[in-house]
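Engineer: Those protein sequences? They're chains A and B, same order as listed.
When the letters of the first sequence are read in order and numbered with numbering that gives the first Met the number 0, they come out as residues 0 to 508.
When the letters of the second sequence are read in order and numbered with numbering that gives the first Met the number 0, they come out as residues 0 to 508.
Hints are not guaranteed to be accurate.
[As the list claims (entries may be wrong)] No farther apart than 30 Å at their CA atoms in a straight line, the calculated lysine-lysine pairs in the DSSO-like style are these:
1. B:201 <-> A:388
2. B:201 <-> B:21
3. A:388 <-> A:201
4. A:22 <-> A:201
5. B:388 <-> B:201
6. A:388 <-> B:388
7. A:201 <-> B:388
8. B:201 <-> B:22
[Unchecked claim] Here are a few chain B residues that sit away from chain A, every Cβ distance over 10 Å (derived from the structure):
9. 13
10. 377
11. 494
[Unchecked claim] Computed from the model, here is a short list of chain B residues facing chain A with C-beta under 7 Å:
12. 165
13. 170
14. 378
15. 380
16. 395
17. 407
18. 410
19. 414
For the record, the hints were derived by calculation from the structure and aren't laboratory data.
Keep in mind the model is a prediction, meaning the values are calculated, not measured.
Glycine residues also receive a C-beta, built at the ideal position from the N, C-alpha and C atoms.
There are 2 protein chains.
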Amino acid sequence: MGDSDDAGSFVRYGIEDRPPLKKSLLLGVQHYLTMVGANIAVPLILAGALGMPEEIVPRFVGTFFVVSGIATLAQTTVGNRYPIVQGAPFSMLAPALAIIGVVTVNPPQGVAAWRAALLQLQGAIVVAALVEVAIGYLGLVGKLRQYLSPVVIAPVIALIGLSLFNSPDITAANQNWWLSGFTLVVIVAFSQYLDGRSTLFKLFPVLLGIVIAWVVAAALSVAGVFSPGAPGYVDLASVAGADPVYPIYPLQWGMPTVTPAFVIGMLAGVAASIIESIGDYHAVARLSGMGAPSGKRMTHGIGMEGLMNVFSGLMGTNGSTSYSENVGAIGLTGVASRYVVQVGAALMLVVGFVGYFGQLVATIPSPIVGGLYIAMFGQIVAVGLSNLKYVDLDSSRNIFILGIALFSGMAIPEYMSNVGSASAFQEGLANTAFLGPVLGTDVVANTVFVIGSTGMAVGGLVAIFLDNTVAGTDEERGLTAWAESAEADTDFASAYDRLVADDEPARAD
Amino acid sequence: MGDSDDAGSFVRYGIEDRPPLKKSLLLGVQHYLTMVGANIAVPLILAGALGMPEEIVPRFVGTFFVVSGIATLAQTTVGNRYPIVQGAPFSMLAPALAIIGVVTVNPPQGVAAWRAALLQLQGAIVVAALVEVAIGYLGLVGKLRQYLSPVVIAPVIALIGLSLFNSPDITAANQNWWLSGFTLVVIVAFSQYLDGRSTLFKLFPVLLGIVIAWVVAAALSVAGVFSPGAPGYVDLASVAGADPVYPIYPLQWGMPTVTPAFVIGMLAGVAASIIESIGDYHAVARLSGMGAPSGKRMTHGIGMEGLMNVFSGLMGTNGSTSYSENVGAIGLTGVASRYVVQVGAALMLVVGFVGYFGQLVATIPSPIVGGLYIAMFGQIVAVGLSNLKYVDLDSSRNIFILGIALFSGMAIPEYMSNVGSASAFQEGLANTAFLGPVLGTDVVANTVFVIGSTGMAVGGLVAIFLDNTVAGTDEERGLTAWAESAEADTDFASAYDRLVADDEPARAD
Numbered sequence: 000m001g002d003s004d005d006a007g008s009f010v011r012y013g014i015e016d017r018p019p020l021k022k023s024l025l026l027g028v029q030h031y032l033t034m035v036g037a038n039i040a041v042p043l044i045l046a047g048a049l050g051m052p053e054e055i056v057p058r059f060v061g062t063f064f065v066v067s068g069i070a071t072l073a074q075t076t077v078g079n080r081y082p083i084v085q086g087a088p089f090s091m092l093a094p095a096l097a098i099i100g101v102v103t104v105n106p107p108q109g110v111a112a113w114r115a116a117l118l119q120l121q122g123a124i125v126v127a128a129l130v131e132v133a134i135g136y137l138g139l140v141g142k143l144r145q146y147l148s149p150v151v152i153a154p155v156i157a158l159i160g161l162s163l164f165n166s167p168d169i170t171a172a173n174q175n176w177w178l179s180g181f182t183l184v185v186i187v188a189f190s191q192y193l194d195g196r197s198t199l200f201k202l203f204p205v206l207l208g209i210v211i212a213w214v215v216a217a218a219l220s221v222a223g224v225f226s227p228g229a230p231g232y233v234d235l236a237s238v239a240g241a242d243p244v245y246p247i248y249p250l251q252w253g254m255p256t257v258t259p260a261f262v263i264g265m266l267a268g269v270a271a272s273i274i275e276s277i278g279d280y281h282a283v284a285r286l287s288g289m290g291a292p293s294g295k296r297m298t299h300g301i302g303m304e305g306l307m308n309v310f311s312g313l314m315g316t317n318g319s320t321s322y323s324e325n326v327g328a329i330g331l332t333g334v335a336s337r338y339v340v341q342v343g344a345a346l347m348l349v350v351g352f353v354g355y356f357g358q359l360v361a362t363i364p365s366p367i368v369g370g371l372y373i374a375m376f377g378q379i380v381a382v383g384l385s386n387l388k389y390v391d392l393d394s395s396r397n398i399f400i401l402g403i404a405l406f407s408g409m410a411i412p413e414y415m416s417n418v419g420s421a422s423a424f425q426e427g428l429a430n431t432a433f434l435g436p437v438l439g440t441d442v443v444a445n446t447v448f449v450i451g452s453t454g455m456a457v458g459g460l461v462a463i464f465l466d467n468t469v470a471g472t473d474e475e476r477g478l479t480a481w482a483e484s485a486e487a488d489t490d491f492a493s494a495y496d497r498l499v500a501d502d503e504p505a506r507a508d
Numbered sequence: 000m001g002d003s004d005d006a007g008s009f010v011r012y013g014i015e016d017r018p019p020l021k022k023s024l025l026l027g028v029q030h031y032l033t034m035v036g037a038n039i040a041v042p043l044i045l046a047g048a049l050g051m052p053e054e055i056v057p058r059f060v061g062t063f064f065v066v067s068g069i070a071t072l073a074q075t076t077v078g079n080r081y082p083i084v085q086g087a088p089f090s091m092l093a094p095a096l097a098i099i100g101v102v103t104v105n106p107p108q109g110v111a112a113w114r115a116a117l118l119q120l121q122g123a124i125v126v127a128a129l130v131e132v133a134i135g136y137l138g139l140v141g142k143l144r145q146y147l148s149p150v151v152i153a154p155v156i157a158l159i160g161l162s163l164f165n166s167p168d169i170t171a172a173n174q175n176w177w178l179s180g181f182t183l184v185v186i187v188a189f190s191q192y193l194d195g196r197s198t199l200f201k202l203f204p205v206l207l208g209i210v211i212a213w214v215v216a217a218a219l220s221v222a223g224v225f226s227p228g229a230p231g232y233v234d235l236a237s238v239a240g241a242d243p244v245y246p247i248y249p250l251q252w253g254m255p256t257v258t259p260a261f262v263i264g265m266l267a268g269v270a271a272s273i274i275e276s277i278g279d280y281h282a283v284a285r286l287s288g289m290g291a292p293s294g295k296r297m298t299h300g301i302g303m304e305g306l307m308n309v310f311s312g313l314m315g316t317n318g319s320t321s322y323s324e325n326v327g328a329i330g331l332t333g334v335a336s337r338y339v340v341q342v343g344a345a346l347m348l349v350v351g352f353v354g355y356f357g358q359l360v361a362t363i364p365s366p367i368v369g370g371l372y373i374a375m376f377g378q379i380v381a382v383g384l385s386n387l388k389y390v391d392l393d394s395s396r397n398i399f400i401l402g403i404a405l406f407s408g409m410a411i412p413e414y415m416s417n418v419g420s421a422s423a424f425q426e427g428l429a430n431t432a433f434l435g436p437v438l439g440t441d442v443v444a445n446t447v448f449v450i451g452s453t454g455m456a457v458g459g460l461v462a463i464f465l466d467n468t469v470a471g472t473d474e475e476r477g478l479t480a481w482a483e484s485a486e487a488d489t490d491f492a493s494a495y496d497r498l499v500a501d502d503e504p505a506r507a508d
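Could you build the full structure based on these sequences and the hints that come with them?
Structural biologist: Here it is in structure tokens:
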């Protein structure tokens, strides 16, 4: 470290750089390992809610990784071309769990309840995703860009990280705190203290942290210090017992079914995921040493996320969105290479299909994931806040907007969580004087509940409203400084520009 | 607004300014109203845990306000002389509740359980506070100053606000959300949109918000829309039934008793409150347009907080510390006048002794307090983050430290809260392999639990360790820019300097 005062101090490998293959493979593994915890967590939460039979769960998890691999390859080649991994979004979990709850209480005859619910979920995702495709490619998100200042983007990105503070992998009461702490200390040691000693330490703090902690946990498990079921236990036997290859293909669980009320809930989830993705785009641009994304690039990013959500609905997973975890990893390691992310994506495909690999990765115990998360999510928080460098921090309107956006982004989801469920929330709204009949409808109540449960969506909406209505100059809001470094629409060449329209000057980014 | 790019844009009345008496009275009321919610919450929580008889509770609450009034007057005249209100700290609630739990399970004979527990609490506070007096006046906190950079102070202040995101006044499931929202909207409207229309709106957004929302709530209560017991209900009858004057005096509940184990827990609470106060000093200095506080000023601030904690122990309350709520109010209104805070303190004394006034204020319903909190606590978060203006936000070590400090300051307290209690935590530590006998002791377990439950303490310790050990230049860490604006020890004249040592040049701040 020590080399500060230069916007490129984050970057060790830029977005266009291709590290040597061996190094890229290891860097790809590291990217993969940073996203694996979340991308396993989502299907396991769903499988539990669905009551899915045990023997189907590994294939279900594998499907998520296959979708992630394909979506990441699509986004990095014909999408926005940022080095962001795609994975299953947490923002779409709330509507998914609501749908599952309704369907499994009264399953249709002649089909297992879990399958009926999953097909409803798939149908809702496909239709909601088609709306996202339209929002994306019609350029609505790109038009939004003029209303986004660093005063808005900073709290949105910060809340992506902050709102994960209560991940069970970190805060469960029965967690193995010393194994989490050990993982974190190893990552901190390699990335902050020993990074000057060796390029290896510089580039692979996450990989080293996970592998070293896993070896310790595996040794303690074999030695019998950790017994089966204890947090930290590494179940090596499960790897030998895994299926070699899973049959994963579109419509594998049957034909999705569409129910309008479910689509509405899922649309709210998609809206929240769009806000998160816009935050991620800005974060990765900042970390890659590029200017703020152009409207055109956002258009192609969200459009492609929509297409990949349609795909995920057809495959039978819970959607696909830009993954913040990997943004954290880019910040920590300075490796922003798109090529490395693509190598990681190829790995996801392999791990998705091949049971042995998937099961090996699944042996990483929760406390290790928790230690990793503290480093990753913290990184996202601070990358968000680093956008404040453009903002006048002596302006009381900026202070007010930032504060109320961050605070309400934490407080409102906590309120929703205390209320408990979309249906309880709807009941409460329906009893409101005067406005009850309007507020209590499915559309309003579901939308407000899902958006309100998503910290970055709450913070983003509060910030975008206040920042665009409370008086403030462009200098004060950071728009002037930001515009200087932002990319123009012509800086981004879409797949169409590059491959079809040959009158367009060829640009590689 | 609009007048940016000038460090004084926060300030409408500076620290030495004395607005006209009538205006000062209203501004004092406003300061008082921002702290009243928290300063009522602490005694009510304690009274509930103590099982204190109903008829004694109003006098107990009154005692808290008398202590706050005297402590504020002492701090603003012979302490650090910052315009900060003093009130009962949340950081000392955790050890207090632990003490109460232990004593009330096995109360001594011949004395009511609540009184025995309260006297133990008082004894623990008095002894712990004597240690704080020593820490303060021996200059230990002042010496700490050289290790504090904006990279440390920013997350500490931000966490003071952020960690309050789940205040029940905001997030309770049965909260009246539209009354909270209405209060917040009124405050935002006056402070951000209508502030150019009238000086009144500029200076009194909080007072106007509370009064308008209270009138609405009172009208709905009288009209029967809010029934007794509903959130939002204003119990006007309770005011008429209040005692005229409470007899409040030192040792009113008897002679405090001292138990060493209880003192240790309380010491951890005191340590957390010191960290919070250091954050508050920096926040108020920033908002008052002054440089970062000198070591000498911090010495006198913490020393005086210790003395006032001794006093609070003798009076029978749960300690006294700098109140962040009022820091938020200074940010929102730009009124940093010390005189105004002293007027507010005089008011606290009146309200503490006179039952009618205390009861009238106690009729402010919880949803209104919740709306107020969102504005106040958000303000604190952002004031903390505004210290980042001194920091190199392109430095990956700064990003890493900021992120991990903020994130762990949210995550670790959540873990402690999931564990549930100091005794459960101690039990868990005692079962740790190898280190169990050390970690499971009262001293270690209690200290770690109380500090770990306090977000700003966790974030502050993480940041101060990393910022002082990970390589980084003074420019990068913001020390250079900060030092330029920081005050020197000679800028602060203690009471001794001003009143006794007449060879010292007279300075008024």
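Engineer: Which of the numbered hints above does this structure break?
Structural biologist: 10
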